[in-house]
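Q: If you're matching them up, the sequences are chains Y and H in order.
Just so we're aligned: the first sequence equals residues 1 to 400 in my numbering.
Just so we're aligned: the second sequence equals residues 1 to 372 in my numbering.
Simulated from the structure, these hints should not be mistaken for laboratory data.
A quick note: this is a predicted structure, and the numbers were derived from the prediction, not measured.
Any given hint might turn out to be false.
[Unchecked claim] Per label pair, the in silico range of CB-to-CB distance:
1) 132(Y) with 273(H): 21 to 31 Å
2) 15(H) with 180(Y): 50 to 60 Å
3) 4(Y) with 99(H): 36 to 46 Å
4) 4(H) with 373(Y): 24 to 34 Å
5) 266(Y) with 302(H): 24 to 34 Å
6) 11(H) with 17(Y): 35 to 45 Å
7) 37(Y) with 130(H): 53 to 63 Å
8) 103(Y) with 5(H): 28 to 38 Å
[Stated by the list, open to error] Here chain Y is said to cover these stretches of chain H; the calculated rule only asks that three of the stretch's residues, wherever they fall, bring their Cβ under 8 Å from a Cβ of chain Y:
9) 284 to 296
10) 350 to 364
We put the CB at the ideal spot given by N, CA and C, even for glycine.
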Amino acid sequence: MRFDFTTEETDFRNQISTFLDEMLPKNWGGPAGLSDDDGWALDQRLRKELVKRGWLVMGWPKEYGGADSSPMMNTILADEMAYRRAPGLDGFGTRMLGPTLMAFGNEEQRAQHLGAIARGEVQWCQGYSEPNSGSDLASIQTSAELYGDEFVINGAKIWTSMGHRADMMFMLVRTNPDEPRHAGISLLLVDMKTPGIDVQPIVNMAGVHHFNQVIFDNVCVPKENLVGDLNDGWRVGMTILNHERSGIEFAAGARAAIEELIAYINNPDSPVHSAKSDPAVRIKLAELSTEVEAARLLCYDVTWRHGQGLEPSFEASMSKVAGTDIYQKVLEYGLEILGMYGGLEPASPQVELQGRFLKLRMLSTATTIFSGTNEIQKNIIAQRGLGLPRPPRPPGLANK
Amino acid sequence: MDFGLTETQELIRTTAREFLADRSDSSVARAVANGDTDALESLWKDIVELGWPALIISEEHGGAGLSFGDFAVLLEELGASLAPTPIVESAITSRIIERFGSNDLKSDLLPKAATGDALITPAIVERDASWDATSPTVAATKTDTGLVITGEKRFVAFAEQATHALTLVRTDKGDPALVVVPISESGGIEQIPLEHVAGTPVSSVSFNELEVPEANIVATGDDAIRTTEELIATGSVARAAQLAGLGRAVMDATVEYASNREQFGQVVGSFQAIQHHLAEMAIASKQVNHLVHSAAWSFSQDGYSVERAAKAKIAASEKISALCWNAHQCHGAIGFTWEHDLHLYTRRALAWKTDYGDSSFHKSKLADAMGL
Numbered sequence: 001m002r003f004d005f006t007t008e009e010t011d012f013r014n015q016i017s018t019f020l021d022e023m024l025p026k027n028w029g030g031p032a033g034l035s036d037d038d039g040w041a042l043d044q045r046l047r048k049e050l051v052k053r054g055w056l057v058m059g060w061p062k063e064y065g066g067a068d069s070s071p072m073m074n075t076i077l078a079d080e081m082a083y084r085r086a087p088g089l090d091g092f093g094t095r096m097l098g099p100t101l102m103a104f105g106n107e108e109q110r111a112q113h114l115g116a117i118a119r120g121e122v123q124w125c126q127g128y129s130e131p132n133s134g135s136d137l138a139s140i141q142t143s144a145e146l147y148g149d150e151f152v153i154n155g156a157k158i159w160t161s162m163g164h165r166a167d168m169m170f171m172l173v174r175t176n177p178d179e180p181r182h183a184g185i186s187l188l189l190v191d192m193k194t195p196g197i198d199v200q201p202i203v204n205m206a207g208v209h210h211f212n213q214v215i216f217d218n219v220c221v222p223k224e225n226l227v228g229d230l231n232d233g234w235r236v237g238m239t240i241l242n243h244e245r246s247g248i249e250f251a252a253g254a255r256a257a258i259e260e261l262i263a264y265i266n267n268p269d270s271p272v273h274s275a276k277s278d279p280a281v282r283i284k285l286a287e288l289s290t291e292v293e294a295a296r297l298l299c300y301d302v303t304w305r306h307g308q309g310l311e312p313s314f315e316a317s318m319s320k321v322a323g324t325d326i327y328q329k330v331l332e333y334g335l336e337i338l339g340m341y342g343g344l345e346p347a348s349p350q351v352e353l354q355g356r357f358l359k360l361r362m363l364s365t366a367t368t369i370f371s372g373t374n375e376i377q378k379n380i381i382a383q384r385g386l387g388l389p390r391p392p393r394p395p396g397l398a399n400k
Numbered sequence: 001m002d003f004g005l006t007e008t009q010e011l012i013r014t015t016a017r018e019f020l021a022d023r024s025d026s027s028v029a030r031a032v033a034n035g036d037t038d039a040l041e042s043l044w045k046d047i048v049e050l051g052w053p054a055l056i057i058s059e060e061h062g063g064a065g066l067s068f069g070d071f072a073v074l075l076e077e078l079g080a081s082l083a084p085t086p087i088v089e090s091a092i093t094s095r096i097i098e099r100f101g102s103n104d105l106k107s108d109l110l111p112k113a114a115t116g117d118a119l120i121t122p123a124i125v126e127r128d129a130s131w132d133a134t135s136p137t138v139a140a141t142k143t144d145t146g147l148v149i150t151g152e153k154r155f156v157a158f159a160e161q162a163t164h165a166l167t168l169v170r171t172d173k174g175d176p177a178l179v180v181v182p183i184s185e186s187g188g189i190e191q192i193p194l195e196h197v198a199g200t201p202v203s204s205v206s207f208n209e210l211e212v213p214e215a216n217i218v219a220t221g222d223d224a225i226r227t228t229e230e231l232i233a234t235g236s237v238a239r240a241a242q243l244a245g246l247g248r249a250v251m252d253a254t255v256e257y258a259s260n261r262e263q264f265g266q267v268v269g270s271f272q273a274i275q276h277h278l279a280e281m282a283i284a285s286k287q288v289n290h291l292v293h294s295a296a297w298s299f300s301q302d303g304y305s306v307e308r309a310a311k312a313k314i315a316a317s318e319k320i321s322a323l324c325w326n327a328h329q330c331h332g333a334i335g336f337t338w339e340h341d342l343h344l345y346t347r348r349a350l351a352w353k354t355d356y357g358d359s360s361f362h363k364s365k366l367a368d369a370m371g372l
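So here's chain H without its partners, still in its complex pose:
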């Protein structure tokens, strides 16, 4: 066991903190939440230049070849800064394509994703809002050259910015298929932007007889389900890492507030009632941090640990959202205002706790893995 960070990880953390302090304060998060797509795209351009979206992609495909544990350290900082950016969407789809896609697909798409010329986002969820990969309804008809896809995916993050979606469909033979589809072209695609608590773009995306070449198929049949499950697990640990960073930031801000706000002639942080709230937040924050690192580390071994991924997302979803509500309580009335930044964190936590499966979804996965 080693709970410390490697030199590389320390460097990632320091670099990320410096960059984000300069480039991604809460005014950027507010601007993007208000629909300022220029702010979003300008931040993304800088993040791409730092090489972050391809941090865990091999050098052969334009990435940095670092580990998922290294990536988790970066994601914590991004979560703490509320950076409105599609890094998780881009990184996890690239990782899945690198692990399971054809050589053609890899050499075509991954270098583009690394340079920001392509942005691939997962499109898994449908009308029933479920992250269960076994029952897609979006229909795909097989042709001589590939698939023709019709149907709707919902809650697709950053679809407006994305060039491609990695989506799960059901072929006319009844088999599922995981496939990369271009979504930035006008023909055969309709997007409905949603208004979402995340404060970042989320859309429903409809395919209308959209033609996709065979080379874009990443996996079919049971492989498609397994691969999609890995995509979801990867996304859930990535979100858990962002939640861990977000939780730490909210806790630090609450300690700071409680150390300065005075009532009854002393700072409220000297009262046991507040201290116990904060102590519980500190425990939760550390626990989520450790569970995330344990899960992220497992991705750098053979495959990944289903149990650790589930535990990380269960704990992050429940504990960090609770931590945010607890922070509101400790802040009193000021934390209830639109002007104060606290709700920006709480909103993001609410969005992230559901992304890639909420705690109930992962508890069910975990129960399966535990032999129940």
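One chain only, chain Y, in its complex shape:
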């Protein structure tokens, strides 16, 4: 039982903070006010700097260009980056695909891809969801048929974040049409420049083009791009999701938002400065702050487990649910404190806090949906964590 950080960890956190002071634009409040192109440019600039300092893949083993840093140091990096709303960490390459290739990839795949990810040279995207396969991911229909030395892919992936920036995609495909669920799935690596791929933009409710629909029309991929065994893609792909879920970015975003709100109402120049002396506001901010800390501790618990060699499973689902839930609540309460100003778009005259509470609240809608909805996470907690039986499935679906 120890609830503080070591001197080394605190020093590292301070280094990141100083680094971001230097790198981020003046009066930086996050990318919400940037255009998609400007946001991407900043992401690329920061990623190069993270590589220069040896931080981008610091948690990877030394043989793949990492520094064997502890999970705690990695989470501190993710915590501090998210707290400052700084882009550049590249979750797809560094936290999802990289560790999966180390576990399941062959020598050639590791040699070809890990170095490029570590050097920040390549952007990956994730091809999992399909128009008819969201929470029920095992029902995917995009097919890959083996003809000679090539897989030929047909179908559609959707909600593909960064699809329009990505050089490469790791994707789940159905390689055995006779197995309609888990047992017929494989994981493929696909070059986004391959003929037959059409990336179609989808603009989200915040007005941001972040994700896409990606259509595959007879897309030919070398059979060497299969990761792991044929039809074993479900296991490989789920490893990726386990690496994805640490949850600290939501707790960090909530922490940033609440501190920003407190500083804002404490500022005598703020038009809503009178909120500071409203007892209801004081009570609500204290309540939210308690929830933020409660979510943050769950994330650090997941990290600690990771460091102890205890593979987190439902614990990561807990931190995702708690973190995304409180993130949305803090942003929502920010809009309430801002009152009528809360409704002003970032570009509006007389906007307060650059309109980012509105923008972030809109964007945060996705957080309780992506990477497994919070309802799916609660199923995982109940079934894996508490040992409750799986609910009865409709006839025809394998109950595995």
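Given the coordinates of chain Y, assemble chain H onto it according to the supplied hints.
A: Then chain H, alone, in the frame of chain Y:
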């Protein structure tokens, strides 16, 4: 960060579980709630023999010299077992006396508290039911030898069993004073036992020109307020630890029930509606556990963290009481019966969520600490 338990803490947990399984099942809680003071005193005697009330008191004063984090692990088990026992009252008053009392007071009272020959309970709250330490109305007149105290304190836990109260008074000069007063003697003391949801003894205690020697004064003036605030913070984290254990026990019992109760031909725990209730309970339970450990750990550093103590009590008060109501929902009609033990937990949670400041009280403290 280290979310694991130390070897000592693991040992405390195992020992406590074994002892409590044997000595403190729900029949003991029910007996004490029905006014069986023999059951209460017999359990307390065994607990004193284990050295638990003085776990965090130094060896010099008859204690075990362990940390507040170690104590929190013990309190979780006591909370989970519903043990009707004044351990929190005894431990936190001893801790405050050890930290702030005179040497005479320490060497006189603390060894007695460790052996059960003395039992000191906090008497802070008055008619307005507030845990605010800044405005006591119980009056104390200064004399050459000490204080003469008159007035009423309410909601004093285990006053019937206690030998002393640690109480906050206002002197005739207007300064507050935190003072140890003997309450088991007949002269100058009147107790009115209350009927309380906790199912453990709670009384109002009136002082009528009660004489207290000067050596019993623990702190005066601003120090008295600060010391009382620390007493309340210590008590709030201790209650939060008990609530954490209670919540875990209720959650485990609800999972067990949902895994066995069948409707529509399958166990109700297979339904998503029930699974989501339980998943939320599991999250809340873990969060409270972590916040309690974080706060308890801060007491073993220099002083303690006001923010962490407040967060632990806010979360424990709100989340564990909600968890209990949620458990009633998952249990259906059987959980609504007097016969089923679930309401014993819910009653205790209702009492503990208010003890040492409810969530509103601590949110206000936290807002102050956050610069609002």
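Q: State for each hint whether it applies.
A: Cross-check of the supplied hints:
no., hint, in the structure
1, 132(Y) with 273(H): 21 to 31 Å, "holds (26 Å)"
2, 15(H) with 180(Y): 50 to 60 Å, "holds (54 Å)"
3, 4(Y) with 99(H): 36 to 46 Å, "violated (22 Å)"
4, 4(H) with 373(Y): 24 to 34 Å, "holds (31 Å)"
5, 266(Y) with 302(H): 24 to 34 Å, "holds (27 Å)"
6, 11(H) with 17(Y): 35 to 45 Å, "holds (40 Å)"
7, 37(Y) with 130(H): 53 to 63 Å, "holds (58 Å)"
8, 103(Y) with 5(H): 28 to 38 Å, "holds (31 Å)"
9, 284 to 296, "holds (count 8)"
10, 350 to 364, "holds (count 5)"
Comparing the model with each numbered hint stated earlier shows that hint 3 is the single one that does not hold.
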